[in-house]
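S.K.: Chain residues, written in single-letter form:
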Amino acid sequence: AQSVTQLDSQVPVFEEAPVELRCNYSSSVSVYLFWYVQYPNQGLQLLLKYLSGSTLVKGINGFEAEFNKSQTSFHLRKPSVHISDTAEYFCAVSGGGSGTYKYIFGTGTRLKVLA
Amino acid sequence: DTGVSQDPRHKITKRGQNVTFRCDPISEHNRLYWYRQTLGQGPEFLTYFQNEAQLEKSRLLSDRFSAERPKGSFSTLEIQRTEQGDSAMYLCASSPRGWDSLWTEAFFGQGTRLTVV
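Chains as they are written, first to last, in the numbering used here: chain A, -13 to 101; chain B, 10 to 126.
Be careful, since some hints might not be right.
What the hints assert, rightly or not - Computed cross-link-like contacts, SDA-like style, restricted to lysine to any residue with a CA-CA straight-line distance of at most 20 angstroms: (1) 20/B <-> 54/A; (2) 98/A <-> 50/A; (3) 66/B <-> -8/A; (4) 35/A <-> 89/B; (5) 35/A <-> 48/B; (6) 20/B <-> 27/A; (7) 80/B <-> 65/B; (8) 98/A <-> 55/A; (9) 98/A <-> -7/A; (10) 44/A <-> -11/A; (11) 20/B <-> 125/B; (12) 80/B <-> 40/B; (13) 66/B <-> 81/A; (14) 35/A <-> 101/A; (15) 35/A <-> 30/B; (16) 80/B <-> 50/B; (17) 66/B <-> 50/A; (18) 35/A <-> 40/B; (19) 20/B <-> 87/A; (20) 35/A <-> 105/B; (21) 66/B <-> 87/A; (22) 55/A <-> 42/A; (23) 66/B <-> 49/B; (24) 98/A <-> 83/B; (25) 23/B <-> 83/B; (26) 66/B <-> -7/A; (27) 98/A <-> 48/B; (28) 98/A <-> 50/B; (29) 20/B <-> 36/B; (30) 35/A <-> 96/B; (31) 66/B <-> 94/B; (32) 44/A <-> 113/B.
Said to hold, decoys possible - Just the calculated beta-carbon pair ranges, DEER-fashion: (33) 57/A <-> 19/B: 37 to 43 angstroms; (34) 31/A <-> 89/B: 39 to 45 angstroms; (35) 44/A <-> 73/B: 41 to 47 angstroms; (36) 66/B <-> 42/A: 23 to 29 angstroms; (37) 52/A <-> 69/B: 39 to 45 angstroms; (38) 66/B <-> -5/A: 35 to 41 angstroms; (39) 94/B <-> -5/A: 45 to 51 angstroms; (40) 21/B <-> 12/A: 37 to 43 angstroms.
None of these hints come from the bench; they were simulated from the model. Positions of the beta carbon are idealized from the N, C-alpha and C atoms, including for glycine.
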């Protein structure tokens, strides 16, 4: 079975500082990986995705993530955060060759950007 | 607006009552998902449709929950005899079939927040 672990439940960071949100996944087969952002009382919005190809994936709002198969990780990074980046971030995994199309989410990381 | 639409956005109901939520996916998206999200948690998979066929159901989906997608367009999620533990955000998402049948991302609606009192 697939699973996702987000190691940090909350990450406070000062504005204009870099940030890394960690995500590890568990799967015995190849996977597809996603990062979503959720603002209060809103649905989820896709930040970026890894399906295949280059392991460094660039997304919206200046975010990027690197797929590391050996470490089964897909950490999200941004070199300089803004107040507006304050939100909940979810890592998700899908695929696996079993024919299932569902997305499995982690428990989320709350990013709080401080002025 | 051509995004995923959910109705209602908020629902307050008394314990024991039945509720029904509606989801209108993005046009021509053949996959539709229902998730449940409680405070401080990530979305939990409930069920998934490919066109009108319900292909997978989570064990979380007790027999009080039923979902339909007639004609492969909009979907409804019904909860019978609601319990306080059903209080959550119910999220609907849709995704298209990729050009090479690979996964693409799921597009989420704004959710329906259910409060059972």
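S.K.: Is the distance from the Cβ of residue 94/B to the Cβ of residue -5/A consistent with 45 to 51 angstroms?
M.R.: violated (22 angstroms)
S.K.: Below or equal to 20 angstroms on CA atoms is what counts here, so check residue 80/B against residue 40/B.
M.R.: holds (13 angstroms)
S.K.: Verify the proposed pairing of residue 35/A with residue 101/A, using a straight-line Cα cut of 20 angstroms.
M.R.: Distance ~29 angstroms between residue 35/A and residue 101/A Cα, so the pair is violated.
S.K.: Measuring from beta carbon to beta carbon, are residue 66/B and residue 42/A in 23 to 29 angstroms?
M.R.: Check failed, 37 angstroms falls outside 23 to 29 angstroms.
S.K.: Given the proposed pairing of residue 35/A with residue 30/B, does the C-alpha separation stay at or below 20 angstroms?
M.R.: It is violated: about 29 angstroms lies between the C-alpha atoms, which goes past 20 angstroms.
S.K.: Given the hint that residue 35/A pairs with residue 96/B, test it: the Cα-Cα distance must not exceed 20 angstroms.
M.R.: Judged against 20 angstroms, a Cα distance of about 30 angstroms means the pair is violated.
S.K.: Starting from residue 66/B, check that the Cα of residue 87/A is at most 20 angstroms away, please.
M.R.: The given pair, whose Cα atoms are some 12 angstroms apart, holds under the 20 angstroms limit.
S.K.: Taking only the CA atoms, is the gap from residue 66/B to residue 81/A under or equal to 20 angstroms?
M.R.: holds (16 angstroms)
S.K.: Regarding the pair residue 20/B and residue 27/A, is the alpha-carbon distance no greater than 20 angstroms?
M.R.: holds (14 angstroms)
S.K.: Does residue 98/A pair with residue 55/A here, judged by a C-alpha cut-off of 20 angstroms?
M.R.: With a Cα-Cα distance of about 29 angstroms, the restraint between residue 98/A and residue 55/A is violated, given a limit of 20 angstroms.
S.K.: Quick one: are residue 57/A and residue 19/B within 37 to 43 angstroms, going by C-beta?
M.R.: holds (42 angstroms)
S.K.: For residue 44/A and residue 113/B, compute the direct alpha-carbon distance and say whether it is at most 20 angstroms.
M.R.: holds (16 angstroms)
When the structure is compared with the earlier hints, violations turn up for hints 1, 3, 4, 5, 8, 10, 14, 15, 16, 17, 19, 23, 24, 25, 26, 29, 30, 34, 36, 37, 38, 39 and for no others.
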